[in-house]
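Novice: Full structure from sequences and hints, please.
Number of protein chains: 4
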Amino acid sequence: MSVPTWKWFIEYTTETQAHMHGISKYIYSGQTRFQTVEIVETEFFGRCLILDGKIQSAEKDEYIYHETLIHPAMVLHPNPERVMIVGGGEGAVIREILKHPSIKKVIMVDIDKEVVVLCDKYLPEWNGGAFQDPRVNLFFMDARKYLEETQETFDVIFSDLTEPLDDGPSYLLFTREFYEIVYKKLSPEGVMALQSGSFNINLIDCHTAICNTMSRVFPYVSSYAAFIPSYDAQWGFTLASKKIDPGDLTEGKVDQILQERKINGLKYYDGETHRHLFSITKDVRVAKEKENRIIEDDNPLFTF
Amino acid sequence: MSVPTWKWFIEYTTETQAHMHGISKYIYSGQTRFQTVEIVETEFFGRCLILDGKIQSAEKDEYIYHETLIHPAMVLHPNPERVMIVGGGEGAVIREILKHPSIKKVIMVDIDKEVVVLCDKYLPEWNGGAFQDPRVNLFFMDARKYLEETQETFDVIFSDLTEPLDDGPSYLLFTREFYEIVYKKLSPEGVMALQSGSFNINLIDCHTAICNTMSRVFPYVSSYAAFIPSYDAQWGFTLASKKIDPGDLTEGKVDQILQERKINGLKYYDGETHRHLFSITKDVRVAKEKENRIIEDDNPLFTF
Amino acid sequence: MSVPTWKWFIEYTTETQAHMHGISKYIYSGQTRFQTVEIVETEFFGRCLILDGKIQSAEKDEYIYHETLIHPAMVLHPNPERVMIVGGGEGAVIREILKHPSIKKVIMVDIDKEVVVLCDKYLPEWNGGAFQDPRVNLFFMDARKYLEETQETFDVIFSDLTEPLDDGPSYLLFTREFYEIVYKKLSPEGVMALQSGSFNINLIDCHTAICNTMSRVFPYVSSYAAFIPSYDAQWGFTLASKKIDPGDLTEGKVDQILQERKINGLKYYDGETHRHLFSITKDVRVAKEKENRIIEDDNPLFTF
Amino acid sequence: MSVPTWKWFIEYTTETQAHMHGISKYIYSGQTRFQTVEIVETEFFGRCLILDGKIQSAEKDEYIYHETLIHPAMVLHPNPERVMIVGGGEGAVIREILKHPSIKKVIMVDIDKEVVVLCDKYLPEWNGGAFQDPRVNLFFMDARKYLEETQETFDVIFSDLTEPLDDGPSYLLFTREFYEIVYKKLSPEGVMALQSGSFNINLIDCHTAICNTMSRVFPYVSSYAAFIPSYDAQWGFTLASKKIDPGDLTEGKVDQILQERKINGLKYYDGETHRHLFSITKDVRVAKEKENRIIEDDNPLFTF
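In order, the protein sequence lines correspond to chains S, B, E and G.
Position in the first sequence counted from 1, then plus 11, gives you the working numbering.
Position in the second sequence counted from 1, then plus 11, gives you the working numbering.
Position in the third sequence counted from 1, then plus 11, gives you the working numbering.
Position in the fourth sequence counted from 1, then plus 11, gives you the working numbering.
Keep in mind that the hints were calculated from the coordinates and are not lab data.
Hints should not be assumed to be uniformly reliable.
Per label pair, the in silico range of CB-to-CB distance [as the list claims (entries may be wrong)]:
1) G:Arg272 <-> E:Lys278: 35 to 41 Å
2) B:Leu183 <-> E:Asp177: 30 to 36 Å
3) G:Glu307 <-> E:Pro311: 56 to 62 Å
4) G:Asp144 <-> S:Val128: 40 to 46 Å
5) E:Gly276 <-> G:Arg304: 25 to 31 Å
6) B:Arg272 <-> E:Asp177: 55 to 61 Å
Just so it is clear, CB atoms sit at the ideal spot from N, CA and C, and this is done for glycine as well.
Specialist: Okay, structure coming up:
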């Protein structure tokens, strides 16, 4: 009789819903100034980064999350040269951004240096050497403050943040005021993309509130979503644009742009995947239409 | 300090992956001739039917599963009059089928009468009175035997089965030989649809094997998939067709047919949802291309 | 590969300590006016009664709990004729009491009639027909009120209650005021025994507070404890006496009394077991000496 | 709404019984040549050493386990000068042994040097500097081989081993043949003590088999047991003696010997504790009487 797995990470999505991940090895466990960090080896998903009790990315499927966050926005912009990342800990977002040959400069601003250092040490494949690329600059500070003070503008700004927990570091980066700052720092054809909460229809209010808030700031705001196995959920993203209509990005056009840019090695994203990601099921569309919440600094959003 | 939830249903997808559902009330627990049955009230998803330790459907999102299984096939067929269901326990599939006005006869063949009776008693909204519709006939027997012996043919045949567990009742309904029987009993424009395993890229071999097997029997075989929150997974379905190409079913055509048939009340399925369901991400397409397994009676498929 | 157990009852003793019991069958689940009730079949301990999320007794080891609660007090009293039980739901306490041949009358006062009826239906071996014994009287009302109003006195009074949860029915039956009422209703050689919380040294404050409180009312108060496997804990009991010193009850005397009373069939209790139960380890004795809390109606005790 | 604890160690005692320990911090996780090792900080019990998925000792209650294992044997022997430990990883057994002033030499033979080094690094209070005591010698090798080859004899031999798992390092140290080797290496008044399995009446066969096996080798064999909260169980020990009858060790005599040896600081063990430990409840005595298994090298004992 074999002994069952005895080390578990249990991720609660609500007080009565949770996912259990059997752990084969604890790699690192600590507390930074901003959040708790665990790096564990799970039997099923390989190495995982866990911040404040939530899986951020897993070896076996981080390609889904990171390709989904990065490429739709990068493909939408005709010539992305200057890109900024709000958050971005593991560095995998930079790895994906640098696949686009027009890139001249990438600035990543993450408040938690310790997490970035730990990821570089224990999850080096995530950034794939991107931190050493001469076009990349890392700043460890509050990204909102950075954006307010910088004189630069960006073609694409990504927000790759943990969920807005009430004692976590990110909740002021999900408000109307923050999106207004982003808007100002985008170049005229600028685009923003971000992860924006679960697509589980019973937990969708976080996503719909973010989309509704952004639609007060940007003329074009599109929801999209990918199933991330290690999240046990279809996860929502938002693409916002100042001038270019994301609705014009057809399946064929996506494939054509990827080909022109000689981006061949993607595992998840291409034209048909784009069509899947941006086709929204009826129940979610209905939920979005009903949403009228605007997230603001003095009325922030918190998730469980 | 509040006491945490103490009644849990833990659904294992592998030995080291599981989902925990907090239970507010146990409704029914028993063992039929074929499988164990629990009906529980969960805090998050409402009432759930659990067979052999796997959630089959949940009050809060059974509409996703059942609309996804039924409507693509029904819309693809120009005039579905005679429909058969292999399995179908809860009766929600009939509820959806009867929304199509052309229906003249529905035959449901489920091996486990006890489950059907329990569902009708404890989950009556699932069938919504469909069992009493005069066009509906229930048979409690082995569906394969029924199909082999019947003289009838059907416009659409649905397979709504539990997963093929090695000691469960359904594994001989997932083989090439079975699909050949189905093929023979379909009318010339006949269509088949079935649930066909997880779309989790690390567990996709069940789905790809079913599709590959069916492609030896049917000229047209399409994968599609929906995220089912209570399964904590994107779930795969397969649509097979004798003559009509599912690829011709565009978003606009789906909406037009639903309108013509005066089917307005769906919560999940419409043209855009159809586009989402049938657009397959690149990683899954690659996995499908690599698949060469053919499931046969003497080489059956078993899942965990 | 066998599928792991999927139905679990998880009993939390603190927010970060819990015991998992695999369930083979849900028998009953409901909510009375006073508490939630589950009756389940566990793989390991057989049938279990669970009130407000806490196992009360289990088929495989209820003999330990019930013999431990009943026989020390019954043996201590030279001629127990009239006995009262505060609580007592399952009826197993009466089953044990009736083994003493001097018994003329047993009064059990439990506030929750539904629990008693459910136990009699689903756990009939627990009472073993005792509810039908002509010497037994059941009252369904607040036991404190009953004691205050009755004109009777008793030789032994047992308290067989659930733990004092803040929204549970029993917390006013663990106070100095209540023990004073008990004292008055005991005959001159009267004895009281009760379950009184975990003996886990890290959770012992419940037990020590009860003992300290009772020592303000009774001249003789002794702690004793038994390991109850289904509680995953050594569990505390308290024996209080008006006149007879429990310290005089030696191992030999216990065996002699049991023999005189022709009580041969006990599975757990005899002279040597008595010596084990009443020998207290040094760490617990130290904790008891430090305790100065007195539980009172306006300063009641609540456990997790 | 607070987020529940998300890091758990789940210790299975059977396939359907388990204990959950919430973890505040992972300290160390690794695999030695012989076993897996985790050192974790639990919320409730402080630091814990876990070998092959089983808690070996916990900061908050290791004193119970170690005082119980060591002092009865040490007190029984009139003048223990030379002591050997089979196993003993954490070194806490030496800490307790050295409290007896007659000690001249302690030899500890543990097969797993890595565990000893890890314990010294992460759990230094366990050995309390004992590894540096000049009377102490550590050997890292198979203890059975050591005993077979040594020319020395010992007054007391302790066995402080993990449970005999079928792929673990200890099962050949629980057989008749091994106890015969121990017998030969004991001085004429020699004594042996060991941990010997759960006292849970439903899992007692491990303990009773060990006692029965030892009684074929030693003239005096006594069971005793202590409740160890972090084991969630009353745990069995065995005391075997060549010449001195453990039954003569009364409560008063224990206190007298401890006083003579000026051992004042024990937290758990004294005369009354001794009486508690060595008084065995009736159900266990009955189980012991029925036991006739003899554990031998070619018929070894394995636990779950």
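Novice: Checked against the structure, which of the hints given earlier come out wrong?
Specialist: 2
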